[in-house]
Each structure stands twice: as C-alpha cells, then as structure tokens.
Amino acid sequence: GDSVTQMEGPVTLSEEAFLTINCTYTATGYPSLFWYVQYPGEGLQLLLKATKADDKGSNKGFEATYRKETTSFHLEKGSVQVSDSAVYFCALGGGRSNTGKLIFGQGTTLQVKP
Amino acid sequence: GAGVSQSPSNKVTEKGKDVELRCDPISGHTALYWYRQSLGQGLEFLIYFQGNSAPDKSGLPSDRFSAERTGGSVSTLTIQRTQQEDSAVYLCASSLDLAGGRDTQYFGPGTRLTVL
Numbered sequence: 001g002d003s004v005t006q007m008e009g010p011v012t013l014s015e016e017a018f019l020t021i022n023c024t025y026t027a028t029g030y031p032s033l034f035w036y037v038q039y040p041g042e043g044l045q046l047l048l049k050a051t052k053a054d055d056k057g058s059n060k061g062f063e064a065t066y067r068k069e070t071t072s073f074h075l076e077k078g079s080v081q082v083s084d085s086a087v088y089f090c091a092l093g094g095g096r097s098n099t100g101k102l103i104f105g106q107g108t109t110l111q112v113k114p
Numbered sequence: 001g002a003g004v005s006q007s008p009s010n011k012v013t014e015k016g017k018d019v020e021l022r023c024d025p026i027s028g029h030t031a032l033y034w035y036r037q038s039l040g041q042g043l044e045f046l047i048y049f050q051g052n053s054a055p056d057k058s059g060l061p062s063d064r065f066s067a068e069r070t071g072g073s074v075s076t077l078t079i080q081r082t083q084q085e086d087s088a089v090y091l092c093a094s095s096l097d098l099a100g101g102r103d104t105q106y107f108g109p110g111t112r113l114t115v116l
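Line by line, the protein sequences are chains A and B.
If you read the first sequence in this note's numbering, its first letter stands for residue 1, the second for the next number, and so on.
If you read the second sequence in this note's numbering, its first letter stands for residue 1, the second for the next number, and so on.
Isolated chain B, as found in the complex:
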C-alpha cells in the first residue's frame, strides 16, 4: 500500500515568511509524528498526534512552530516568521499506536526547508 507522503519535497523561503508543510500518513495509522533532521542537532522529535489531539508537543522549539491534524489523517506543520536556523529536513512518521508507543514508525521522504 501507499506509504507516508509529504509535500513539498523542497521549500526555499525568505527569512520572515511563513511556511506550511504537509504530511499524509499511512491509511489507518492513528499516531502521527513530526521530527526534524539537521546537521548540528541530528534527529529531533517535534510533536506527536494521537488522532486529532496532540498529547506531546514538547519538542516544538518555539511558539513560531505549530501543527494540526484534521480528520485523524492529514497533518500540517506551520512555521511562522521563519529564521535561518529553521533550515532542516522535516520528517513525518506514522504508526498504528497499539503498543503504548512501541510500534514501528514509518517515515515519509521529508521536506527539505531552506531559509535564505
């Protein structure tokens, strides 16, 4: 079946602009995660959705970052007033969420964000 898809694959923006990144999880997966991969910080957790609610937002680096999920499916990560340090690859993952967080997460190809 179809895997996790993300769009756009690449995004170049100017400092101070807002950006929206989209994630389409695997059908039927109730859990959805956003991570960020950057050279200096490795792979960092950002936010976790269980259905449409977000019980863990502890990884969002500032209030410029927000995310929502609608219909228990598609999720959007929004970064307001982008800064150069926001440049990274943003990864989305989904899982069945049946085993208390121990399920396998399946990753999308990522969105490479470059802030000029």
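Chain A on its own, in the form it takes in the complex:
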C-alpha cells in the first residue's frame, strides 16, 4: 500500500540555519503531496502542497518539490527562525489505492534555538 517515510527527529538548529527535512513516498497513481505543520498547542495546518510531478509548493519561506523520479518531497527553508519550531508532517493523498485519506509520515520535530 501507499506509505510515507520522513527523516527522524528531533532536529535542532540555530536561528538562520538551513533546514532540510527529508520525505520519501511509495504510491500508485498520481497522488498529491502535502506538508502540514503543528505548532505547540495548536492543530494541524497546511504548510504547502504540490499536485503533480515537478510542481514546487512554497509558503512562509518553505519550499518542497514533487520529484517523481526519486519519489521524494523534501522540505527546505533557507533561514529558520525560532518561530518555526514545530512538528512537521509529510503526507500524500489521492493515490490510486486510497479514497482520499491522507497517509502521514511519522512527523519530525524541529527546534530552533536563538
């Protein structure tokens, strides 16, 4: 079945450092790929999405490119801030083998220190 694998955390960075959180997937069909973020004490929020191969999603300085050849959707940010500290979830939806449910990676905790 479809699945998502994220790099394990926690990831600890200094402010203004470069961030990469790796995400790879296994899916049939043509799923959309998502990054959701969960700030401390808050609910899940969509950070960015991409709906087809080679699409780049971007928001709040974060970017991720849908790479079909490497089945990856790595999250990047050039300069992190303390306010980016949160748990980040990679997810896929709409592959041929599912009815729209999101399949999530295990989540990666990011802590940014001043």
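Hints were generated in silico from the structure; no laboratory data involved.
Hints are supplied without guarantee of correctness; some may be wrong.
Just a sample of chain B residues kept apart from chain A, beta carbon distances all over 12 Å, derived [what the hints assert, rightly or not]:
hint: 1; residue: R22
hint: 2; residue: P61
hint: 3; residue: T76
hint: 4; residue: T114
hint: 5; residue: V115
Residues from chain B that keep clear of chain A, each with C-beta distances beyond 10 Å, as calculated [unchecked claim]:
hint: 6; residue: E14
hint: 7; residue: E20
hint: 8; residue: D63
hint: 9; residue: E85
hint: 10; residue: A88
hint: 11; residue: L91
Each computed SDA-like pair below joins lysine to any residue, with the alpha-carbon atoms no more than 20 Å apart [stated by the list, open to error]:
hint: 12; chain 1: A; residue 1: K60; chain 2: A; residue 2: S85
hint: 13; chain 1: B; residue 1: K57; chain 2: A; residue 2: D2
hint: 14; chain 1: B; residue 1: K57; chain 2: B; residue 2: Q80
hint: 15; chain 1: B; residue 1: K11; chain 2: B; residue 2: T76
hint: 16; chain 1: A; residue 1: K56; chain 2: A; residue 2: T20
hint: 17; chain 1: B; residue 1: K17; chain 2: B; residue 2: T70
hint: 18; chain 1: B; residue 1: K11; chain 2: B; residue 2: Q37
hint: 19; chain 1: B; residue 1: K11; chain 2: A; residue 2: G41
hint: 20; chain 1: B; residue 1: K11; chain 2: A; residue 2: E42
hint: 21; chain 1: A; residue 1: K60; chain 2: B; residue 2: T104
hint: 22; chain 1: A; residue 1: K77; chain 2: A; residue 2: R67
hint: 23; chain 1: B; residue 1: K57; chain 2: A; residue 2: S3
hint: 24; chain 1: A; residue 1: K60; chain 2: A; residue 2: L48
hint: 25; chain 1: B; residue 1: K11; chain 2: B; residue 2: F65
hint: 26; chain 1: B; residue 1: K11; chain 2: A; residue 2: G43
hint: 27; chain 1: A; residue 1: K60; chain 2: A; residue 2: K113
hint: 28; chain 1: A; residue 1: K68; chain 2: A; residue 2: D54
hint: 29; chain 1: A; residue 1: K113; chain 2: A; residue 2: G1
hint: 30; chain 1: A; residue 1: K56; chain 2: A; residue 2: T70
hint: 31; chain 1: A; residue 1: K56; chain 2: B; residue 2: T104
hint: 32; chain 1: A; residue 1: K60; chain 2: A; residue 2: T109
hint: 33; chain 1: B; residue 1: K11; chain 2: B; residue 2: L116
hint: 34; chain 1: A; residue 1: K52; chain 2: B; residue 2: D63
hint: 35; chain 1: A; residue 1: K113; chain 2: A; residue 2: V87
hint: 36; chain 1: A; residue 1: K60; chain 2: A; residue 2: P40
hint: 37; chain 1: A; residue 1: K68; chain 2: A; residue 2: G1
hint: 38; chain 1: B; residue 1: K57; chain 2: A; residue 2: G1
hint: 39; chain 1: A; residue 1: K52; chain 2: A; residue 2: R67
hint: 40; chain 1: A; residue 1: K52; chain 2: B; residue 2: T104
Here a beta-carbon is modelled for each residue, glycine too, at the ideal position from N, C-alpha and C.
Since chain A is already given, all that's left is putting chain B on it; use the hints.
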C-alpha cells in the same frame, strides 16, 4: 470563514463508558475525515465520508468505533466501552472532494480523549 470545529475540546472518561465526539466541517465541504493522533502510532486515518455515506471505514480499529454523518454536514464519532488504549487526540478534517482525493484537507483543533 469559519473553520472546522470540534467538541468537546477535552474529554475525560472512565474505562467502559461510551463517548461521542462531534465535528462541524467547513460549510460546503462534501468530504469529511476522522483521524487519530497518539504518541505511539502517529497520525492514523479512521474513516472517510462522502456526503452522508462512508466509502472507506478501513481505519476504524474495532467494532467499538462507529461514526455517522447527517445532512451532509455534522459528524459524530462514537466509541463504545472505552479502553485506555483509546486515549488520543481525535482530529476531524474536511475538503471539497473535487480532485479524486487530492484536495487540501482542513483540520479542526481536535478532541483530546483521556480514558482513566
């Protein structure tokens, strides 16, 4: 506009009791999903509604779990004879359901269930 709302925000119950969790999706969203977030299992899909029907119930962990949706809007997740392993945050999400499951899902704040 209003987002997805869930109630109660917190629920503490005793083992063996039944609980009902409510979800109000974004107006006009035909698809509604329930997920569970727990420390050991991460984020797990439970059930998907398209309108009032549930074409995918594959994530319900046992027959103690059931859900319904009425009027294509509000949904209730019921857990009968609760067990301690049911303790988790129950999340509801909704979407327009126009793109074969590839639409963005918008999440509610969740209901934190604690079974003593």
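Hints, one by one, checked against the model:
With a least beta-carbon separation of about 16 Å from chain A, B:R22 lies farther than 12 Å from that chain, consistent with its non-interface assignment. No Cβ of chain A comes within 12 Å of the Cβ of B:P61; the nearest lies about 15 Å off, and the non-interface call holds. With 12 Å as the threshold on Cβ separation, the claim that B:T76 sits away from chain A holds: the shortest Cβ distance comes to roughly 19 Å. Non-interface status of B:T114 relative to chain A is upheld: no Cβ of that chain comes within 12 Å, the nearest being about 16 Å off.
No beta-carbon of chain A comes within 12 Å of the beta-carbon of B:V115; the shortest separation is about 21 Å. Every CB of chain A is more than 10 Å from the CB of B:E14 (nearest about 26 Å), matching its label as outside the interface. Residue-level check passed: B:E20 sits 20 Å from the nearest beta carbon of chain A, beyond 10 Å. No beta-carbon of chain A is positioned within 10 Å of the beta-carbon of B:D63; the least distance is around 20 Å.
Separation of B:E85 from chain A is adequate, the least Cβ-Cβ distance of about 19 Å exceeding the 10 Å criterion. Its beta-carbon lying about 14 Å from the closest one in chain A, B:A88 satisfies the requirement of being farther than 10 Å from that chain. Not every C-beta of chain A lies more than 10 Å from that of B:L91, the closest at about 7 Å, which undercuts listing it as non-interface. For the given pair, A:K60 sits about 13 Å from A:S85 by alpha-carbon distance, which is consistent with the 20 Å threshold.
For a cut-off of 20 Å, the pair hint linking B:K57 to A:D2 stands: about 17 Å separates their Cα positions. Note on B:K57 and B:Q80: the hinted pairing holds, with a Cα-Cα distance of about 16 Å set against a maximum of 20 Å. Restraint check: the Cα-Cα separation between B:K11 and B:T76 comes to about 14 Å, which is no more than 20 Å; the hinted pair holds. A hinted pair counts as satisfied when its Cα atoms are at most 20 Å apart, and A:K56 with A:T20 qualifies at roughly 15 Å.
For the given pair, B:K17 sits about 24 Å from B:T70 by alpha-carbon distance, which is inconsistent with the 20 Å threshold. Taken as a hint, the B:K11 and B:Q37 pair is honoured in the structure, with Cα atoms around 15 Å apart against an allowance of 20 Å. Of the pairs offered as hints, the one joining B:K11 and A:G41 holds, with about 16 Å between alpha carbons and a cut-off of 20 Å not exceeded. The suggested pairing of B:K11 with A:E42 holds, with an alpha-carbon distance near 17 Å, which does not exceed 20 Å.
For the hint pairing A:K60 with B:T104, the CA-to-CA distance comes to about 18 Å; that is within 20 Å, so the pair holds. Simply put, A:K77 and A:R67 have alpha-carbon atoms about 17 Å apart, close enough for the 20 Å limit, and the pair holds. Taken as a hint, the B:K57 and A:S3 pair is honoured in the structure, with Cα atoms around 18 Å apart against an allowance of 20 Å. For the proposed pair A:K60 and A:L48, the alpha carbon gap of about 9 Å is at most 20 Å, so the pair holds.
In summary, the hint linking B:K11 to B:F65 is supported, as the alpha carbons are separated by about 16 Å, within the 20 Å threshold. The hinted pair formed by B:K11 and A:G43 meets the criterion: a straight-line CA distance of about 17 Å does not exceed 20 Å. With a CA separation close to 19 Å, the supplied pair A:K60 and A:K113 stays within the 20 Å bound. A C-alpha spacing of about 7 Å is found between A:K68 and A:D54, which places the hinted pair at or below 20 Å, so the restraint holds.
Between A:K113 and A:G1 the CA atoms are separated by roughly 38 Å; this puts the pair beyond 20 Å, and the hint is violated. For the hint pairing A:K56 with A:T70, the CA-to-CA distance comes to about 15 Å; that is within 20 Å, so the pair holds. For the suggested pair A:K56 and B:T104, the alpha carbons sit about 16 Å apart, so the restraint of at most 20 Å is met. With a C-alpha separation of about 18 Å, the suggested pair A:K60 and A:T109 falls inside the 20 Å cut-off, and the hint holds.
Simply put, B:K11 and B:L116 have alpha-carbon atoms about 11 Å apart, close enough for the 20 Å limit, and the pair holds. A C-alpha spacing of about 37 Å is found between A:K52 and B:D63, which places the hinted pair above 20 Å, so the restraint is violated. Annotation: proposed proximity of A:K113 to A:V87 holds, straight-line Cα distance about 15 Å (limit 20 Å). Straight-line distance between C-alpha atoms of A:K60 and A:P40 comes to about 18 Å, which keeps the hinted pair within the 20 Å bound.
Using a Cα cut-off of 20 Å, the hinted pair A:K68 and A:G1 holds, with the two alpha carbons roughly 17 Å apart. Under the criterion of a C-alpha separation no larger than 20 Å, the hint pairing B:K57 with A:G1 is consistent with the structure, at around 16 Å. About 9 Å separates the Cα atoms of A:K52 and A:R67, which keeps this hinted pair within 20 Å; it holds. Taken as a hint, the A:K52 and B:T104 pair is honoured in the structure, with Cα atoms around 14 Å apart against an allowance of 20 Å.
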